[in-house]
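*Asks:* Sequence:
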Amino acid sequence: MKNVISLLLFLAFLFSCSQPAQYTINGTLEEYPEGKIYLQKRADGEFVKIDSAEVTEGLFTITGTVEIPEMYYLSIEGKRGSAAIWIENSEMTLTAHADTLYKAEITGSAVQDEYTAFQDEVRDIYEQTREPYQKYREAEENNDEETMKQLDEMMDSIYDSAEQFQKDFIRKNPSSYIAPSALQRISYSMETEEIEEFLALLDPSLATTAIVADLKERVEKLKKVAIGQPAIDFTQNDQEGNPVTLSSLYGSYLLIDFWAAWCGPCREENPNVVACYKEFHDKGFDVIGVSLDEDKEAWLKAIEDDGLTWTHVSDLKGWGNAVSNMYGVNSIPSSMILDKEGIIIEKNLRGEDLKNKLAELMPE
50 MKNVISLLLF LAFLFSCSQP AQYTINGTLE EYPEGKIYLQ KRADGEFVKI
100 DSAEVTEGLF TITGTVEIPE MYYLSIEGKR GSAAIWIENS EMTLTAHADT
150 LYKAEITGSA VQDEYTAFQD EVRDIYEQTR EPYQKYREAE ENNDEETMKQ
200 LDEMMDSIYD SAEQFQKDFI RKNPSSYIAP SALQRISYSM ETEEIEEFLA
250 LLDPSLATTA IVADLKERVE KLKKVAIGQP AIDFTQNDQE GNPVTLSSLY
300 GSYLLIDFWA AWCGPCREEN PNVVACYKEF HDKGFDVIGV SLDEDKEAWL
350 KAIEDDGLTW THVSDLKGWG NAVSNMYGVN SIPSSMILDK EGIIIEKNLR
400 GEDLKNKLAE LMPE
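The sequence shown begins at 50 in this note's numbering and counts up by one.
There could be a bad hint or two in this list.
[Stated by the list, open to error] Below, in silico cross-link-like pairs of lysine-lysine (DSS-like), each with a Cα-Cα straight-line distance of 30 Å or less:
id: 1; residue 1: K128; residue 2: K90
id: 2; residue 1: K152; residue 2: K184
id: 3; residue 1: K366; residue 2: K85
id: 4; residue 1: K221; residue 2: K184
id: 5; residue 1: K327; residue 2: K389
id: 6; residue 1: K90; residue 2: K272
id: 7; residue 1: K270; residue 2: K389
id: 8; residue 1: K98; residue 2: K345
id: 9; residue 1: K90; residue 2: K327
id: 10; residue 1: K272; residue 2: K366
id: 11; residue 1: K216; residue 2: K396
id: 12; residue 1: K221; residue 2: K332
id: 13; residue 1: K198; residue 2: K404
id: 14; residue 1: K406; residue 2: K389
id: 15; residue 1: K273; residue 2: K152
id: 16; residue 1: K152; residue 2: K85
id: 17; residue 1: K265; residue 2: K90
id: 18; residue 1: K389; residue 2: K332
id: 19; residue 1: K98; residue 2: K270
id: 20; residue 1: K270; residue 2: K406
id: 21; residue 1: K216; residue 2: K270
id: 22; residue 1: K198; residue 2: K396
id: 23; residue 1: K265; residue 2: K98
id: 24; residue 1: K272; residue 2: K184
id: 25; residue 1: K198; residue 2: K184
id: 26; residue 1: K366; residue 2: K270
id: 27; residue 1: K90; residue 2: K389
id: 28; residue 1: K198; residue 2: K221
id: 29; residue 1: K216; residue 2: K265
id: 30; residue 1: K273; residue 2: K406
id: 31; residue 1: K85; residue 2: K265
id: 32; residue 1: K345; residue 2: K366
id: 33; residue 1: K366; residue 2: K152
id: 34; residue 1: K270; residue 2: K396
id: 35; residue 1: K396; residue 2: K345
id: 36; residue 1: K98; residue 2: K128
id: 37; residue 1: K85; residue 2: K98
id: 38; residue 1: K184; residue 2: K273
id: 39; residue 1: K350; residue 2: K396
id: 40; residue 1: K198; residue 2: K406
Read the hints as simulated data drawn from the structure, not as lab findings.
When you get a sec, could you build the whole thing from the sequences and use the hints?
*Replies:* Here's what the structure looks like:
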């Protein structure tokens, strides 16, 4: 009898061990009594729906399993914004106002707690830019360029401090699930070689995470469009719907300019590109603008308003633009100069730097 009981206990234990652990998210939403909430994950720069739940009397529950803790996003049907949530196989609670989901209070996940503490420290550093930014806008209204320059340098120093804090976090916590997230955030201002150096610092246990996979994929993309590499040929439609192939413009020094009508810094840079185009076009300089717009009318209006008389293309898919994804573009304005054979020779030159480079390439 004892043997039978022991066997039953063993089988019960074995059965319980074989049951997959799961996560449970119990949520409470203020000012959202009924509706739907979505659990999403970022893949290839876009949000992909993983699960959803009905919201009843402001409450919802989502359950599932994950192999390792990873970052997901919750969004509410009919509302803007999302809440980043680190999901691991545990019971979590979320409390938020429906209009400020990004401020959600999330408990029950050790990784989420670590992420929240990390975010708070980074936010405290960025918060230091608030006052100089307000003063910068005042100086801008008064055309006080000297003060603007000083404040700009001050804000750059704060941004550098935030980046350094995140680099130090990665070095000190290479096995933390937050480390790849920190690297992904700062990677946009890093050279390809530096991204690879930090990837090598990460614990091997993180190699299968989606963020690390995304970073490795982006590194490979960036290598293909590094200075010295031939530009990747592409075809995309112009304003009239006619296909334009990049290589058809070879034979001149060519600027590929990634921009959008809604991008303030892009619009501020446009007069500089216009001036360079007017000065150097007859000497063998051309431009092709690749727009990350979705609104065709806004795109066409910006072209006309800014006097952009060169070739323009777009698939009107915003950040999903096929060419920008092909070139690993993650922020705009972004640009590169090709030589007459289509080899990439410079990247992201603006203002006087662009003019000086073109003068060097096409002397009198």
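*Asks:* Give a verdict on every hint.
*Replies:* Hint check:
1. K128 - K90: 17 Å, holds
2. K152 - K184: The given pair, whose Cα atoms are some 27 Å apart, holds under the 30 Å limit.
3. K366 - K85: 26 Å, holds
4. K221 - K184: Between K221 and K184 the Cα gap is close to 36 Å, so the pair fails against 30 Å, i.e. violated.
5. K327 - K389: Distance of about 19 Å is within 30 Å: holds.
6. K90 - K272: 26 Å, holds
7. K270 - K389: OK: K270 and K389 at ~23 Å, within 30 Å.
8. K98 - K345: 27 Å, holds
9. K90 - K327: 45 Å, violated
10. K272 - K366: 24 Å, holds
11. K216 - K396: 24 Å, holds
12. K221 - K332: 53 Å, violated
13. K198 - K404: Within the cut-off at roughly 21 Å; holds.
14. K406 - K389: Cα-Cα ~15 Å, so holds.
15. K273 - K152: Cα-Cα ~39 Å, so violated.
16. K152 - K85: 18 Å, holds
17. K265 - K90: 18 Å, holds
18. K389 - K332: 12 Å, holds
19. K98 - K270: Between K98 and K270 the Cα gap is close to 25 Å, so the pair holds against 30 Å.
20. K270 - K406: 25 Å, holds
21. K216 - K270: 22 Å, holds
22. K198 - K396: Holds - the C-alpha atoms of K396 and K198 are around 23 Å apart, at most 30 Å.
23. K265 - K98: Holds: K265 and K98 sit about 23 Å apart, inside 30 Å.
24. K272 - K184: Roughly 40 Å separates the two Cα atoms, so the pair is violated.
25. K198 - K184: Since the Cα atoms of K198 and K184 sit roughly 11 Å apart, the hinted pair holds (cutoff 30 Å).
26. K366 - K270: 20 Å, holds
27. K90 - K389: Given that 30 Å is the threshold and the Cα spacing comes to 42 Å, the pair is violated.
28. K198 - K221: It is violated: about 35 Å lies between the C-alpha atoms, which goes past 30 Å.
29. K216 - K265: With a Cα-Cα distance of about 18 Å, the restraint between K216 and K265 holds, given a limit of 30 Å.
30. K273 - K406: Judged against 30 Å, a Cα distance of about 23 Å means the pair holds.
31. K85 - K265: The hint is violated at about 34 Å.
32. K345 - K366: Within the cut-off at roughly 10 Å; holds.
33. K366 - K152: 29 Å, holds
34. K270 - K396: 15 Å, holds
35. K396 - K345: 27 Å, holds
36. K98 - K128: 16 Å, holds
37. K85 - K98: 12 Å, holds
38. K184 - K273: 41 Å, violated
39. K350 - K396: Answer holds: K350 to K396 is near 27 Å, not above 30 Å.
40. K198 - K406: 23 Å, holds
In summary, the numbered hints that this structure violates are 4, 9, 12, 15, 24, 27, 28, 31 and 38.
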